Structure formats: structure tokens, C-alpha cells
Amino acid sequence: KMTQQMRDLQLAQARKPPGPSSPNAAKRLYRNLSGKFRVNYTSFDEGSLAGRGEKEKLRKSYLFQSNAALFEAVELQDLDRVQELLKQYSPEELDLNTPNSEGLLPLDIAIMTNNAPIARALLQAGAKESPHFVSLESRSLHLSTLVREAEQRVNELTAQVVNEAPNADCSEKEKQLKAWEWRYRLYKRMKAGFEHARVPDAPTNVQLSVSSSSSVQVTFWEPLSVNSAVVTKYKVEWSCSPTFSPLLGEAVIDKLKNMHFTIRGLVSGTAYYVQVSAYNMKGWGPPQASVPPFAIPSNWREYDGRAPRRRGQAEALDHLLGQVKTVHQHCVCHEPCKNQPQSRKHSVSKSLKHLFHPSSKFLKTLKRGLYLTTIFYKDDNILVTHEDQIPVVEIDDTYSCLLMQDFLWFTKVSCMWDEILWLRQCVTVSQSSCSCILQTRFKMLLAISQMQGLLGIQDLGQVFFEPVKDKQGNILIVTLKEVKTNQTFESVRWVPICKLQTSRKSVSSPEEPTALDMLLISLQDKLAYHQRSSHALSPGLYLGYLKLCSAVDQIRVLVPEQLPNILCHVKIRSNPNISREEWEWLQKMASMDEPAPVEPEAETSQNHLFQELQVAIKELMTLVNIPLPEAKDFRLYSQEVLDFGGQVSFLLLLPPSDDVCTAPGQNNPYTPCSGFLTLPLQIFELGEEG
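The sequence shown runs 1 to 690 under the UniProt record's numbering.
Think of the hints as simulated: they come from the structure by calculation, not from any bench.
Treat the hints with care, since some could be wrong.
What the hints assert, rightly or not - In silico DMTMM-like links for lysine to aspartate or glutamate, alpha-carbon gap of 25 Å or less:
no., residue 1, residue 2
1, Lys-526, Glu-394
2, Lys-481, Asp-406
3, Lys-588, Asp-304
4, Lys-481, Asp-517
5, Lys-257, Asp-80
6, Lys-188, Glu-151
7, Lys-378, Glu-561
8, Lys-412, Asp-396
9, Lys-364, Glu-511
10, Lys-588, Asp-633
11, Lys-481, Asp-418
12, Lys-588, Asp-658
13, Lys-481, Glu-387
14, Lys-481, Asp-525
15, Lys-188, Glu-149
16, Lys-257, Asp-95
17, Lys-481, Glu-419
18, Lys-632, Glu-612
19, Lys-588, Glu-619
20, Lys-526, Asp-380
21, Lys-526, Glu-511
Being a predicted model, the structure only gives us computed values, none of them experimental.
With the sequences and hints as input, model every part of the structure.
In C-alpha cells form, the structure reads like this:
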């Protein structure tokens, strides 16, 4: 029977395309195909299978070949091929955790030949060890059996080759002999790897931190030892006792993409001790206690019992807006809306006349005045009118000096694009006062409605933080929006940005460009700003630098150009939570008269935060180009931790109190020169809220 199997093996090898392969792979491929598809060949010849069934068989056959190719790549220690197969197929398609006829899995071969790179790649893909190895004895017995059977087969084939005269059968037996010799060496190498392996050393850099009032997080690294077998899983244990007796819980981590674990459902104010141990094919290694040795679930708010700053604010504002709308429902300004359904014919004719009204078209050129332009972009394309112009509508042709308060009011309106009609109706009532401010703002609402109607969309995007002004008295308020879906717009079409910039003929001189020319020249910068301002920070605790400067009509805040919706910052750590103990230490440090803080005790969370802050402050001062000696009078804002959605939090670093906000004309040594910009404080607040 064994000889017949090896003949079948050679036939399968003869049909296989040329390339590096192990005898075992060819044997397994033939066994899978012959065992599972021999009946199918007969039915195929009889023509009894439908086309769909034939395709399914071919697909399964292809997947079986992929499984064989994975075993072959692991046995030949071909890391590139293993990674290619894991990327090309899912674990299910590869039968990654189905043992072969020898009771082995790809991961078993990798760890018993001590091939750490391949083992790690398999582990990250979800590979498991064979369930047949329930104990060290069973694994040792299984390997000894494989070695003995392979050795016996090699001896038998050797005797046959020596005793038989040279012929075709003898040539086949020589090939079979080479195949079994290769397999014998593989099994011996696996057996030796198992026998020389030892249990892993303890994990390294086991760090414990408080992640909330009811959870702690432990992070760890692999053991330092390179002589032991590959670690395939870790165990996290926790207890209220430093002796870990009794044990409160444990968790086994066999998905090794992320070397961390969060222990949830803990009691606030209770100390928990944590230790981590590693496992390989020889068993569990010694546990490693965390640093610090225990953690107490808590949050900085528990220090003085304060509630979150924003709790219920959004709901309260929605409720307030609803009340305002309810009051205004019975105003005179809303009567036309109530009567509109009764005069459908009149409204339709009015809307048709509105389409042909001169003010209901996009402008081609600018006169002296205030205008609204909307930039919609997708990839490298931008929306333009049929005349290849950026969509522009007029706000006020008599307005030549945009007041900052009017501009900031417009930015607030951009948070309510869907409510423009309602706002227009409310502002109309107040026009009798002839207030210039109200007249201007009403015209802004009219221009917004006009732009929405011409484009056929309500959301006009985000307002750029400053208007575009030219020397001819033109002022452009710019809104930007990135279109990520295939939306249809009215009266406009898509063109490449580069084509628009090169084909448009300028009507102004290079010395005094118009606002539209200035907009086109700086278009790429504005799009880059818009994209950067929508980026979010990864979860963690950050150290931010707060620096303000004032002007006659506004206060501006310093932000990095690469992330203009966030203060200048560096990351302190990945855990955003500040525990009660850490906050208590920060309060004590802030209340001290001397500038140099007292270093907390070693192996405490406070000491770890102290070290992290030292590194972060140095990094932040380098970022904003402030020499460290000049920062000796800087201070941490100790009133609160700034929380953003529970995943991102900030500690603020402030210059001396007299230098937090620089007055106009004041020489300020704490403002960096390049890589940063200053935004109006209200614009920054709107971006941060978004």
C-alpha cells in the first residue's frame, strides 16, 4: 500500500508545474484530490453535473492546492510565500486550522522548527496549534512516531534500491527514497526543536495604567529570550492581593496583533494587582508583575466630584432652539409659509420668475462689494459653472469693508445650513429698525439661499478662516466642501483643478490681482487646509500649548498648519485617562511655590506620569522653537483636564500669565516663526467642535 502511495505521489509530481516543492506537499495534494474528487471525475465524465457544480468543484480544488502550497511554504521556511498566501486568501479558504493527515498544522511546523518570523505571521492571521497535543507527553509521542515511521520507510526503500537491478521501477524507488529522506530530516528537526525548547521567560515591560473608573489596562512586550520556542499566547491574571490568592480573574490572549488587554468591570477605589505570563509548546512560563504593581480604577473628576463640562449641553441647546422655533411659529414672518400650499399656482410662477431674475445667476466678474463663493471638490476635480467659473453670488454691492463681527456671525450660521429659510424669516421682521448690521446679515442669508438654490444642495461646507480681499474693494467669503460620493448638482460641472487654473484668463495685473485670481492662486493651499482641519487625533493623552494674540477686533490662537483644528501639541501616552492619584499629584505640584517639582516615589503611576511629562515638555518646546531654559516659568493648567469624546484628553502648558495673550505691537518671545498659523478664536472653536 505504501509503495502504491509513492507511485501515486510521483504521478502527481509529474503533472505539477515546475517550481520548488517538498515531497510532502505533492503527496498531500494528491491525497486530497484523489480522496475527495475521484467520484467527481466519474460523474463529470457521465455529464451529470451542472455548470455551477463544476465551478464549485474547481474552486474547492484550487483552495486545496492553496492549502498544500501553504504547508509547503512553511516546511521550506519561505516567509515571503507564506505572507503572500496569507494576504491572498482568508484563514477559512486556506483551512489554516485544520490538521493534515499527520495531525499537524502550519503553526506546529513553524514553532517546532523554531521559525519565529513565519510563526508570528501565522499567529497574526489567526493560526492555532493542533488540538491533538493536549500535553507535553502526547506531543513528544506523536513526533517520535513520525520520526520512527519515516525512518522505517527510508530503510525499506534503501534495501529495495540496493537489491533491485537498474530499471524504471528502481528509478521511481530512488525518487521515493529521496522524498522520504527529506521528510525524515524534517521530522527529526521538529523533534529536536521540541526537545531543546524550554518554557518562555516572563514577558517584558509589563505596564499597568488606569483607563477609567472601572477598568485598568495592561500592556506588555515579548520575552527577551531568543533560545526558547515561539510564544503563542499570553495570560493576564488579576487579584486584590499581592500574592494573587485568591485570584479574581484571568484572560488568555491568543490574538497577538495588539499586546495589551483591558480589564473591565472593576470597583472604583479598589487596588488591583496584575501579572502576565507567556506560553509556548513547552507550557506556561513564570509570571511577570506589572509596573506599578497595582492600580486603582479612578478618574481625575473624583478628586473634587465635578461633573463633565459638556454633560447635557447639546440636549439643552436643542431644547432651547426648539422653544425659540415654537415661539416664532405664530409670528407674522411665518404667515407666507403657512399660506403657501393654498396658492400653489402663484408660488410656481413666482419660482419660475425667480430663475430668470438677474440676481439668481452665478456672477462672472466682481464689482466692488461683498460676495459668497462655494468650492466643492472631489479628488483633483472642482465644481465650476458652465462658463468655467467658480460659483460666486453677490451678498452686498455697497459693502466694501467686512467687519470681523459680521464674518464671525456668518461662520456661526454655517452650522445651520438647513435652517437658513427659518433664519431669513426671523430676520425679516427686524428690518424695520434699519440697522446696518441686520441689513448686512439679512443679505448674507439671502446669498446663502441663492447659492443653495443654484447648486441644488443645502450644505455648503466649512467657512475658510479668513475672507479673500483685493485692492479693488472686493471681498470673498469662501466655503469649502469635499464631495466623497457621486452627487448630482445643478448648473455646474466637474473640471480638473489644474485645467481651471491654467485655462482661466486673468483680467487683473500681477501687482494687483482680483479676489477671484487670488482665490485661484491659493486654491491648493485652501483645499489642503480644509482636509487637514478635518483630521482627528488618535486616542491618547496630549500636552497642548496655549498661545493667544489679540488685535483690535479679535483674539487669535496659535495652531499647527498640519492640524489647524487642534492646539500645538505632542502625545504624552496612549491612555487618555488621568487617574485620581495622578491628578492629586498634579494639584500638589501646581500649588508649590518653588518652580522645581518634587519627584514622586518610584514604581507609582504618578512617577510614570512625571517621566512622561518631562519627555513631552521637552518635545513640545522643541516643536514650537522655544529654548528649554526660557520655559522655566511655564506652568500646567491645573483647573481641569480637557476631554474630547472620552478618547482624547489634553493637559495644557501655559506661558507666564502676562505672556499668554500678546497685545498688538508687543514683542513676544514665545511665538514660533514657521509651520504655524493663528486663527480667530471663534473660528478655532467651531473647528474644534466639528
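The hints, checked one at a time:
{"no.": "1", "hint": "Lys-526 with Glu-394", "verdict": "holds (21 Å)"}
{"no.": "2", "hint": "Lys-481 with Asp-406", "verdict": "holds (22 Å)"}
{"no.": "3", "hint": "Lys-588 with Asp-304", "verdict": "holds (14 Å)"}
{"no.": "4", "hint": "Lys-481 with Asp-517", "verdict": "holds (20 Å)"}
{"no.": "5", "hint": "Lys-257 with Asp-80", "verdict": "holds (19 Å)"}
{"no.": "6", "hint": "Lys-188 with Glu-151", "verdict": "holds (10 Å)"}
{"no.": "7", "hint": "Lys-378 with Glu-561", "verdict": "holds (22 Å)"}
{"no.": "8", "hint": "Lys-412 with Asp-396", "verdict": "holds (19 Å)"}
{"no.": "9", "hint": "Lys-364 with Glu-511", "verdict": "holds (21 Å)"}
{"no.": "10", "hint": "Lys-588 with Asp-633", "verdict": "holds (17 Å)"}
{"no.": "11", "hint": "Lys-481 with Asp-418", "verdict": "holds (15 Å)"}
{"no.": "12", "hint": "Lys-588 with Asp-658", "verdict": "holds (23 Å)"}
{"no.": "13", "hint": "Lys-481 with Glu-387", "verdict": "holds (21 Å)"}
{"no.": "14", "hint": "Lys-481 with Asp-525", "verdict": "holds (14 Å)"}
{"no.": "15", "hint": "Lys-188 with Glu-149", "verdict": "holds (11 Å)"}
{"no.": "16", "hint": "Lys-257 with Asp-95", "verdict": "holds (20 Å)"}
{"no.": "17", "hint": "Lys-481 with Glu-419", "verdict": "holds (18 Å)"}
{"no.": "18", "hint": "Lys-632 with Glu-612", "verdict": "holds (17 Å)"}
{"no.": "19", "hint": "Lys-588 with Glu-619", "verdict": "holds (24 Å)"}
{"no.": "20", "hint": "Lys-526 with Asp-380", "verdict": "holds (13 Å)"}
{"no.": "21", "hint": "Lys-526 with Glu-511", "verdict": "holds (21 Å)"}
Of the numbered hints stated above, none is contradicted by the structure.
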